[in-house]
Each structure stands twice: as structure tokens, then as C-alpha cells.
Amino acid sequence: MNNLTVLERKSIFVIREAYAQFKNIGVLWSMGKDSTVLLWIIKKVFSGEIPFPVIHLDTGFKFPEMYKFRDKLAKKWKINLVVVRNEDAIKQEVSPVKNNRFLCCTKLKTEALRDYVEKHKFDALLLAIRRDEHSIRAKERYFSPRDKNFKWNYKNQSLEFWNFYKVSSMKGVHHHRVHPLLHWTELDVWQYIKQERIPVNPLYFSKKGQRFRSLGCMPCTVPIVSNASNIDKIIDELKGTSSSERGGRAQDKEKEYMMQKLRSLGYM
Amino acid sequence: MNKRTNIAVVGHLDHGKSTLIGRLLYDTNSVPIEKIEEVRKSKKDKHSLNFALFLDSFKEEREGCFTLDTTQAIVKIRRREYNFIDVPGHSEFIKNMVTGVSQADYIVLTVSAKLNEGIKAQTRTHLQLAKLLGAKKIFVAITKMDTVNYSKARFSEIKDGIQSYLRSINFSAKIFFIPISAEEGDNLIKRTTHMKWYEGNSLLKVVNLHIKENNLKKNEPLRILVQDRYIVKGETIFAGHIESGSLWTKEKVSLNISRQKGVVKRIISDSRIKKFAEKGECAGFTLEGIEEKKIKRGEIISALHSQPLVRNRAFAEIFFLNDYKETNNFILCSRLREVSCMIKIIRRKRIICSVNISFNENIAIEKKSSVLISNRFILLDKKRNIAGFGVMHV
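From first to last, the protein sequence lines are chains A and B. Heads up, the first sequence is in my numbering, so the first residue is 1 and it goes up one at a time. Heads up, the second sequence is in my numbering, so the first residue is 1001 and it goes up one at a time.
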């Protein structure tokens, strides 16, 4: 049995558990490789369809290729796509340049999501975060409760045994974050993309000696030096690399505890 | 690529769990360079590299020098991958510790050789929990050997202490002792020259010799756990997780909770029609000859010739996370079902309670050793807080 089969089975189990235990769920899609893989597995679980809304948190700062990829795939996979934007903040021209990165992420992503979840009374959101992306995310659970302020109570996380992914009994739970890909690594994701032939954004492939390893907003994401122009070359590159996947993402490296602070406020 | 091996590192606080994993990550080049830079720059760590900080990343953890919650990190050596699970050693974070251990294939117990450290309260608690959770093998890493001049006498003292404690709790797991120093990198991946008296292998080598691929066992009985049912184009498809054994189309099966019999008509897995589904698979299937409405989440499906027991009482061993009164009402969660129950404590031995449980509904209990693991459960109190966990016996 191959490793990817084991990983996929666990993800399917978690997705089914979430669907069985929550009434109103949605999935976040950033059009990046991880959340696209998540959509692919959800399609497998539900015989080719995604039976809930697919939410894109649009900051307006995404790469043109990402919007193009989004619209193409949404049509092909018959996705119930919901684009969520914090229009007030966009009108006020909140940006990482004019303001700071922390405020920008909080306004355009965290608050946009908060308003949307509040309005549509979601009780669970599926997210494609992985433990190996960041040591703060490594502390997460598969089912992770958030309070009405979207706070992640990381000091008192729920217990998660064996295959018991229980809806938390903690007081004041507003909604749950469900993380079906928590146990995957970056390399697993690429190997799975290859195996399953999942479409990915062309920005991941090298052009003129550069490629994006992780995709975020344009002002806060920088490409890496790379000649990996196809999936096989990316897999080879990752096997030999010693730098971090999110090295090109500004919100991770600015300060030691930036990710913890962002996440405790409801960031992904 | 082989299946990843999950290894939990347990032990008393400050006995070097995070440091051990951090060192392994470092020595195998599994830490991104950015992370090494970040750890080098952090205030607590001016002189040498603090390996534990590769894992302890919360502000509270770094400032307080302890692990608050469980975390995981992958160590790659040649073609093998190990997923190391770090857990907190403080008694108040025991639920985080068990959350970590419950995902492990193997357990490494750290015991510090340092003067005045040795076998402590949480060393004993973690061994008792390992027993309750059904561990068959324990790898004991005797850490900080560099602080006692790599003394063989100190190693033997702790080894004897652990062995006599295991006898006192009747724990017959296979046990292996490896003297290490994570700080110096002794006996983690390669054998060190610092302890010529030690004739065994390095920690990873010892673990490696015991890893077996999770092969299908021929005589495992079929058990399917029904997670949900989906209506696809007017047809009811049951979403099941195959706990053990294998499922074939046209097989006659017993539905143990709703007490029905039926026949497997079609198996759909990975968007394809299949004749067969194996252990571990999350398959979809349709059934004939049954009343669909009676089938609820948590239904257990087995082959007619090898069914679990279906009872409304059981004997169990429980670890309570808090103190509870002698007799009480709880909700027992087992195999996706929640069943109200009454618990009566027969006796308490150290931290484990032997109890009688009577259920409001019938529950499936396994008697075959190959599937005994399915008898584990968690307990919720009336307010749905997690009260404890345990294992049922017939």
C-alpha cells in the first residue's frame, strides 16, 4: 500500500466525519495546490460533486493567473463558488504597503471571513492547512473549535483520540475549523497531484528561473529561484531542499510570533 | 514510498522529549534553514542551539521552556520516514499527551539520567497509560547521559527501576533500553563512541528493526463502521470505514446494532465500482434485503460467521481525567456512537479504575484479540466534557 493511499483514506474519513456531524459547512479555496487537492478529495467522497459552498477569500491582491485558474476550474468542476470580500476595507484601500501586513491580513482575510461566516451561520469550515507548513499549524487538531471572536484557544485544545473527531463540548464554540490535510507534507501533496493528475496553477512552474512555491497575495509573496518547470522537477527539487515552503510568504517571517498572533485572531 | 511510522515520545517534564526530536530533525536536515535561523536568534538561546525550539513554537512554550500541546514533525532518513509526535510532560496537560499518543504506532519513553531526575511521577503515569492504550512495545531512551559521564551504573539503575515498575503494574510489553544524549547526538541515529559498554544499536536502528508493514492479516474478521449515508441519484450509499478484514460484493453480512442481515450489492470506492474493499479503506457500498431507515451512524457490519458480541453491559478499565463520584451517568463514545451508561467503580489501582458499565442500548464488544483495539472508548460527562477514556473487556 502506498503512503498516499494511507493519507487519502484518513482525509476521507475526516471529511465524512465533518459532513456527518455539522449541519452547515463550507470549504475555503485559495486556488493554491493544497486547497485544490482538498476539493479533489471532497469530490471523491461525494461521487464527483462538492455538496457545499466553496469559499474564496478575495483580497483583490491575488495574481491574475489565480483568478483565471479559479474561474476555469469552478466551471469545469461545477463548483458552487462564493467570492467573499471585505468591500469596506477594499474601498478604504487597505494594503500591506499603506498599512502593515498584520492589519492587512486581519482586515481583508480574517474579518471578511468572519462577516461571511456570521451572516450564513456556518458551523464548520474545511481548510487545507498542513502541520509541516509551520510549527504553529503543527499544533492544530483535525476538528478545531473557534469562539465568536474567531479565537483559537490553543491553550486548551480539545482532546482528539484515535478516530474520534468529536464536535467539541467547549463553552462558547461558534464554529469549527476542520483540517482534513493536516497530516500531509508539501512533498505528499505534489506526489498526489502527479498521481491523480490534479490541475494546478501555472504560477507553481518555473519561468525564467523563478517559480512560486506557495501562493498568497501579490505584494506579500515572492518567487523562489528554481528551474522546476513541471511536476516531476518540483518533486525532485523538494526532495533536496532545506528551505521552508512558506519562505516566500511575508506574514510568516516578519516576527517570531506573527503566525501565532494572526491565527489566534482567526487567520487560517 | 513506505507508510510513514508514527512514533510518540513521552516521559516526565524536562526529561528531553522535545530536545530528542529536535536533535533528530537537525541531524537529518529535516529543519528548514529559516527555522534554524529563527531558533538561533531567539533570546533564550544565545550560546548553543536549543533543539527543543524546533517544536516548541508558542510564545508561552518558548518563554516558559516547556511543551504545552502535542505537535508532530517528520524525520527523513534515506527511504524511511518517521513522524515524531511530541507531547507535553506536565500532568495538567495529560489530555494533550494522550491525543498525541493515540496517533502513534510506537512509543519512546524518555527518562533522564541526570542526577535527581530519573524515574518520576509522569514516567510512571505514562507507562500506565501506555498499558491502557494497548502498547505492545516500549522503547526507553535514557536521556542526558552526558550529564552523568555516560555512567553505565546510572543507566542500569534506571533500567532496573523501570523493569521492576512494569512488573508491579503487570505490564508485559517488550521493552528496549537505549542510553542517549540528545545534546551531544549520542546513539540517536548512529552508535556513539562515548559509551563503549553499550552493545546495542542506536535508537532509530532499534525502532527500525521492529517496524513491520501493516500487512493484511488473513484471519481478521470483517468489521465496517458506518459513518454516514448519502443519496446519490436516488440510491442510498453507505459510507463505511473498514476497520478490519475485507469486504466482497455478494457477501452476506450482519448489521450488529440494528440486528439485521443483508447482502452487499455494490462497492464504490474512489469513484469506481469494485468487487472488493480492504482494511483501512473508506468505501461506499449498497445493501440489499435490509431496512435502510434502521441503519444509523455507528452501525457495525460483520460477516455472518464472525460477529462481535452485542451486550448492554461490560467490564472496563478507565483513566479518569478528573475525579468523579463512585457511581455516575456518562456518555460512552465508541466507534462513532454515543450511548448513555452508568458506571460503577469496582476498584482503583493507582490511576486506573476497574469498572462495571451498564448501557441504555446495546453495544458491540470484540472478543478476538486481532480486533480488541476496537473496544476502546472515550467518556463524556453530562455536560459533554471529556471525562476519561478506557478499554472494554467481555
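In short, the hints are calculated from the structure, not lab data. Keep in mind the model is a prediction, meaning the values are calculated, not measured. Treat the hints with care, since some could be wrong.
[To be verified] DSS-like, lysine-lysine: derived pairs with alpha carbons at most 30 angstroms apart: (1) A:LYS233 / B:LYS1035; (2) B:LYS1035 / A:LYS44; (3) A:LYS194 / B:LYS1296; (4) B:LYS1274 / A:LYS78; (5) A:LYS121 / B:LYS1296; (6) B:LYS1120 / B:LYS1196; (7) A:LYS208 / B:LYS1003; (8) A:LYS121 / B:LYS1003; (9) A:LYS166 / B:LYS1131.
Violated hints, by number in ascending order, as checked against the structure: Structure breaks hints 2, 3, 7, 8.
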